[in-house]
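Read top to bottom, the protein sequences are chains X and H. In terms of this note's numbering, the first sequence has 310 at position 310, counting the first letter as 1, and numbering is strictly consecutive. All you need for this note's numbering is the position in the second sequence, starting with 1, plus 364.
Source of the hints: derived by calculation from the structure; they are not laboratory data. The structure displayed is predicted, hence computed values, not measured ones. Idealized CB from N, CA, C, for every residue including glycine. Where hints are given, some of them may not hold.
[To be verified] Computed, partial: chain X to chain H, Cβ under 8 Å:
#: 1; residue: Lys-40
#: 2; residue: Phe-79
#: 3; residue: Leu-111
#: 4; residue: Arg-267
#: 5; residue: Ser-308
2 protein chains.
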Amino acid sequence: MFQIREKDEKTKARTGVLSTAHGEIETPVFLPVATKGTVKTLDFSDLEGLGVQGLIVNAFHLWIKGLDSVQNTGGLHSFMRWDRPIFTDSGGFQIIRKDFDFKITEEGFVLKSPVDGKKITYSPEVCMDVHSALGSDVTFVLDDCPPYRSSMERLRGSVDRTTDWARRCKAMRRGGQEVYAIAQGGTDSELRRRSAVELSEIEFDGYGVGGLSIGEPRDEMISSLEVSVSSLPEKKPKHMMGVGSPAEVLESISNGMDIFDSAFPTRNARHGTFYTGKGKFDIKKSGFAKVKEPLGPGCECFVCRNYSTSYVHHLFKEKEMLAYRLLSIHNLKMVLDLFAGVRMSIKENKFSTFAEEYLSEFTT
Amino acid sequence: MFQIREKDEKTKARTGVLSTAHGEIETPVFLPVATKGTVKTLDFSDLEGLGVQGLIVNAFHLWIKGLDSVQNTGGLHSFMRWDRPIFTDSGGFQIIRKDFDFKITEEGFVLKSPVDGKKITYSPEVCMDVHSALGSDVTFVLDDCPPYRSSMERLRGSVDRTTDWARRCKAMRRGGQEVYAIAQGGTDSELRRRSAVELSEIEFDGYGVGGLSIGEPRDEMISSLEVSVSSLPEKKPKHMMGVGSPAEVLESISNGMDIFDSAFPTRNARHGTFYTGKGKFDIKKSGFAKVKEPLGPGCECFVCRNYSTSYVHHLFKEKEMLAYRLLSIHNLKMVLDLFAGVRMSIKENKFSTFAEEYLSEFTT
Numbered sequence: 001m002f003q004i005r006e007k008d009e010k011t012k013a014r015t016g017v018l019s020t021a022h023g024e025i026e027t028p029v030f031l032p033v034a035t036k037g038t039v040k041t042l043d044f045s046d047l048e049g050l051g052v053q054g055l056i057v058n059a060f061h062l063w064i065k066g067l068d069s070v071q072n073t074g075g076l077h078s079f080m081r082w083d084r085p086i087f088t089d090s091g092g093f094q095i096i097r098k099d100f101d102f103k104i105t106e107e108g109f110v111l112k113s114p115v116d117g118k119k120i121t122y123s124p125e126v127c128m129d130v131h132s133a134l135g136s137d138v139t140f141v142l143d144d145c146p147p148y149r150s151s152m153e154r155l156r157g158s159v160d161r162t163t164d165w166a167r168r169c170k171a172m173r174r175g176g177q178e179v180y181a182i183a184q185g186g187t188d189s190e191l192r193r194r195s196a197v198e199l200s201e202i203e204f205d206g207y208g209v210g211g212l213s214i215g216e217p218r219d220e221m222i223s224s225l226e227v228s229v230s231s232l233p234e235k236k237p238k239h240m241m242g243v244g245s246p247a248e249v250l251e252s253i254s255n256g257m258d259i260f261d262s263a264f265p266t267r268n269a270r271h272g273t274f275y276t277g278k279g280k281f282d283i284k285k286s287g288f289a290k291v292k293e294p295l296g297p298g299c300e301c302f303v304c305r306n307y308s309t310s311y312v313h314h315l316f317k318e319k320e321m322l323a324y325r326l327l328s329i330h331n332l333k334m335v336l337d338l339f340a341g342v343r344m345s346i347k348e349n350k351f352s353t354f355a356e357e358y359l360s361e362f363t364t
Numbered sequence: 365m366f367q368i369r370e371k372d373e374k375t376k377a378r379t380g381v382l383s384t385a386h387g388e389i390e391t392p393v394f395l396p397v398a399t400k401g402t403v404k405t406l407d408f409s410d411l412e413g414l415g416v417q418g419l420i421v422n423a424f425h426l427w428i429k430g431l432d433s434v435q436n437t438g439g440l441h442s443f444m445r446w447d448r449p450i451f452t453d454s455g456g457f458q459i460i461r462k463d464f465d466f467k468i469t470e471e472g473f474v475l476k477s478p479v480d481g482k483k484i485t486y487s488p489e490v491c492m493d494v495h496s497a498l499g500s501d502v503t504f505v506l507d508d509c510p511p512y513r514s515s516m517e518r519l520r521g522s523v524d525r526t527t528d529w530a531r532r533c534k535a536m537r538r539g540g541q542e543v544y545a546i547a548q549g550g551t552d553s554e555l556r557r558r559s560a561v562e563l564s565e566i567e568f569d570g571y572g573v574g575g576l577s578i579g580e581p582r583d584e585m586i587s588s589l590e591v592s593v594s595s596l597p598e599k600k601p602k603h604m605m606g607v608g609s610p611a612e613v614l615e616s617i618s619n620g621m622d623i624f625d626s627a628f629p630t631r632n633a634r635h636g637t638f639y640t641g642k643g644k645f646d647i648k649k650s651g652f653a654k655v656k657e658p659l660g661p662g663c664e665c666f667v668c669r670n671y672s673t674s675y676v677h678h679l680f681k682e683k684e685m686l687a688y689r690l691l692s693i694h695n696l697k698m699v700l701d702l703f704a705g706v707r708m709s710i711k712e713n714k715f716s717t718f719a720e721e722y723l724s725e726f727t728t
């Protein structure tokens, strides 16, 4: 269930309300990434304090180690102690990129279990069973997301396979769990169009746009996104997979994207990068040792309300784990504030101005 | 300022109230260790939520990296965002045990700066200047704490030096900061007595008992503790340095000790050990994967109120930093609950029974 509320007049940006089994989400929305069942360094009360509307967890990463714990505690919501919406990604993207020694067959991904070394198959059907065991609200089909610069043959195979797998996933759709397809096609506009059209014909609850922001030049990303979005049903929610940096977020929203997830704020935090309205900064820089002021001017996160930049600098230099947590909280707040600003600007029909002003201040 | 309130009739256990520039502390009390300005993995609100009465920070560890940050933000209390009492240990213990390439001279510890490699001296006078810059409520004199099994000559030297340095520290006592001496003497009862008597004659605001629980057999620890305590002024607060395990805590309290600090609950947490009233457990054990119940039966910590043992097990297996934080919170609560039970039992004149029952349930 997705209701579009306001539409920006100059762009395709829009606000909406997504209803799930665990409550409503106002879009455009940012979902922090909780790959293995936790947003790294944070607990549920940190996330509630930040006003996080929903999370995205990786079905594959949990499955590969065994689902006993999650199932035994009654599913992800009680396992993670999170009663708001949970999305579960299929893991197609991660299987190809990370250290899983895999083969792609028409059946699915065949790989070696890191637990006992046995050959196991992660098929669309297994993927849907995992989503079901996890009890998430929104699930993604298993897709085949080839790396940037893959051959045309590889890209074509990926689109065919993604459509086929998506159809098999939809056949297993269960009540209470929405199923989103993921449009692929690399940076080839004809393949982008075909993938989106084929998936639209099968009819899903929502659509992810995948395979972008993985190394391609900015203009290719934008043109590919435009093709995907314009070939997908306008009224359905659209999820931009793995995108979280302000410039890409604003560009995607102006192209009609509604939902985002990315490890951007939290992963960068753990590497010592923090963000303010002015851009990104390295907390390790010695100049921060004497800065009494909080990390972000005007920021109202827990960290900025309580700690000096100097203290966070000290913690990071000493490799104190608290530093990673504090920077994660701050960076998430910064991204969530951006989304709140976006929603407000669309309601006030000022999205373009908002985006321009934001980006003119924000230097990367 | 220390007021003894109730005394146990069968032992030397007692309750009291310690007044400091940042509020009162009910004793016996446990101070979590915030070596470098943070209790590892936790923020001030976690500690407030746990009802922590005070913290102990290591003056030497902060000094060696430069005090600019702390001084610039107005001292430890504002730096750490902690407005309850802070104790600062001198670091004598750590200099000898850790990787500091040091020499002991009558002047103080001579060592190489890890920052620029230059030879620097950490003397009683420098130590007191550091305490002053940090703005803590209770400070410890610089002591010389030789390892267990040191020669009699080394032990004698340590007692002489500790007395001399304590006198030099007291000469620099400033208003608003209490100064506690640290009684040494290894496990030699005559040296234990002499150290305590010499320090008592100089008159300090309180007394630490140091150099115990560093590898010596339990009976030697107890007999040495008894000698130190009986040779120190009864009315002054007494701090058992670096002791936090239930058996040693209860033994020390029954010998009249009032204040404790130890990395025991938090360091063990980071290694996957958690405690309940029944003893210690290893969260990594596969059996915990399916335990829906919280870590501690009846425990009311944030973790036990919200998460299953299964979830914490999962986080620890996945090396998620949240696991270290959750176990630290739980273990601290377990130690703080022990101290709350001790205080109550002394008030009700049932300390011995309480201690016996606690230890009969608690298997290590």
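Checking hints one by one. Is X:Phe-79 an interface residue toward chain H, by the C-beta closer than 8 Å rule? Holds: closest Cβ of chain H sits about 5 Å from X:Phe-79, inside 8 Å.
Satisfaction of the X:Arg-267 interface hint, Cβ to chain H closer than 8 Å: Where the cut-off is 8 Å and the nearest Cβ of chain H is about 13 Å from X:Arg-267, the hint is violated.
With a cut-off of 8 Å on the beta carbons, see whether X:Lys-40 makes it to chain H. 7 Å, holds
Would you check whether X:Ser-308 satisfies its interface hint, that is, whether its CB is within less than 8 Å of any CB in chain H? Constraint on X:Ser-308 satisfied, holds at 5 Å.
Answer holds if the nearest beta-carbon of chain H is closer than 8 Å to that of X:Leu-111; otherwise answer violated. Violated: closest Cβ of chain H sits about 19 Å from X:Leu-111, beyond 8 Å.
Of the numbered hints stated above, those contradicted by the structure are hints 3, 4, listed in ascending order.
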